[in-house]
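Residue numbers (our numbering), protein chains in the order written: chain H, 1 to 199; chain D, 1 to 327.
Since the hints were derived computationally from the structure, they do not count as laboratory data. Fair warning: there could be bad hints in the mix.
[Said to hold, decoys possible] The calculated DSS-like cross-link candidates involving lysine-lysine, where the alpha carbons are at most 27 Å apart (straight line), are:
1) H:K145 with D:K113
2) D:K113 with H:K156
3) D:K255 with D:K113
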Amino acid sequence: MHVGPPNRSRWLAVEILPHEPALRAWLTAKRLPGVEVEDIIQDTYSVLVDLEAVDHITHPKTYMFRTAYSLAVNQLRRQRIVAIEMVAEIDAISPPDETPSVERQVADRQELRRVAEAIADLKGRTREIFILRKIEGMSQREVAKRLGVTEGVVEKQVAKGLETLVRLFGRGKKTSHTSKTQDAKIAAPAVESEISKRS
Amino acid sequence: MSVRENHIEIDRAAALWASRIDRGLNSGEATALEAWKAADTRRNGALARALAVMDQLDRAQALGTNYDPQAFRPPANINRRAALWGGGALAASVAAAIGVGLSTRPAYYVARKGQVRLISLADGSVVTLNSASKVAVRYSEGARDVTLLEGEALFDVAKNPDRPFTVYSGDARVRAVGTSFTVRRLADRPTQVVVREGVVEVSRPAARTRMGGKPQNPTAVRLVANEMATADAASTAVETVALSPVDLQQQLAWKDGMIAFKRTRLSDAAAEFARYSDTPILVDPAVADRTITGLFSAYNPAEFAQSAALSLDLTAQRDGAAVRLTP
């Protein structure tokens, strides 16, 4: 059960999260005094998740950048630091290059691989628990029973793993794998099937 | 004197909340969550991001991961890998759970409510899990055994006469001979098997057949394409019926996220939707026996209620978290 419109998480995951590394780099390069880049990014997600609707947004990346930039400028204004060039720049933000979406199946495989690699990078107990819970889809109770730990431990380990993954995806960090990863034993789905909606 | 939270602390707390949300909040926690979020917009945003990543994981699950994390590890990390997997029985069961097949312990696969999941098994067989279903897979040298613990699954079995593929559901056993078939096991309902292609053998402790008096092996019933078998709850009989191609498609509609109804009572239809969604459809007793026919999106109970209201001249309205159908 998710809080807020469940499709919003999907939209954020697909249309916003992949651009976070670029946003971070862009904001950092601006060197705005007294502006904490990480705070701005968290606040940007807050604005995006609270939007009434997102169907009208044709260029999510641009929207994300503009939102972040407005938040940053607001922060500057609150500090009474206003540089004329900066204010003018908001209107002059040209949409960053929106690359056309890769053919769906290829994109999904890449994403699958990315998730798998990220999880493989987790360590020890966190990884075990994370795999049982989030890959095998066992309930918290089942995992606790299986490993002989409390549900609280399972909950915290999932959180720990998630925290690492959030950092990984948000920063586009390379995993510890080279591009010549040996062909993983991902048994390719016979049919591309993704039906996962919640009412 | 309070120090303002930094973004790392916020992300940590957000991850914990996301983990809790994932296993379901109780109402006390839900209230606490709103208060936590409201205190700082950064918290709201951090949680949104954590839930988005969680969503990525669910998507990856839906694409069917039967991956071997060993294959993703750089070869140089042999020692770390050994340390990680060295734990004997625990290692074996975890490895089996992710399909490495190190031992004959069962590997569990679960599809949660609202999820359809495709599992590719090592021999090329494919299991498609319907919403709210759970199977335990145990492959060994001479046998491929799957136990349907609950729910419904479609099995596309790779042909291998030397290694029989058997699905266990309650006291029923379904043996496949290179086929495509579904097994359904819902609470308080008899096991149901539908064959799409090929032949299966359905047996029960002492099965008898009841279909047009055709003589059958008393312990097993053969089922061919377009046939459906039900393991009668009151006895050990296996009842078979032939399905029209349309009926067959309707039985498999869930694969495409749809539900088919054919003169189905509204209360039964509502119960069917409950398998796929947490939004209940409350049917007024006065109209419970009205019937509906059609093909509907399994994950949109509100849409179904509106369609039913339209075609049966009823009223559909939201009632809190539920949807209500009244005269």
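Hints, one by one, checked against the model:
Distance restraint check for H:K145 and D:K113: the Cα-Cα separation of roughly 21 Å lies within the 27 Å cut-off, and the hinted pair is therefore satisfied. Among the hinted pairs, D:K113 with H:K156 is consistent with the structure: their alpha-carbon atoms are about 23 Å apart, no more than 27 Å. For a cut-off of 27 Å, the pair hint linking D:K255 to D:K113 stands: about 14 Å separates their Cα positions.
Hint violations for this structure: none, all hints satisfied.
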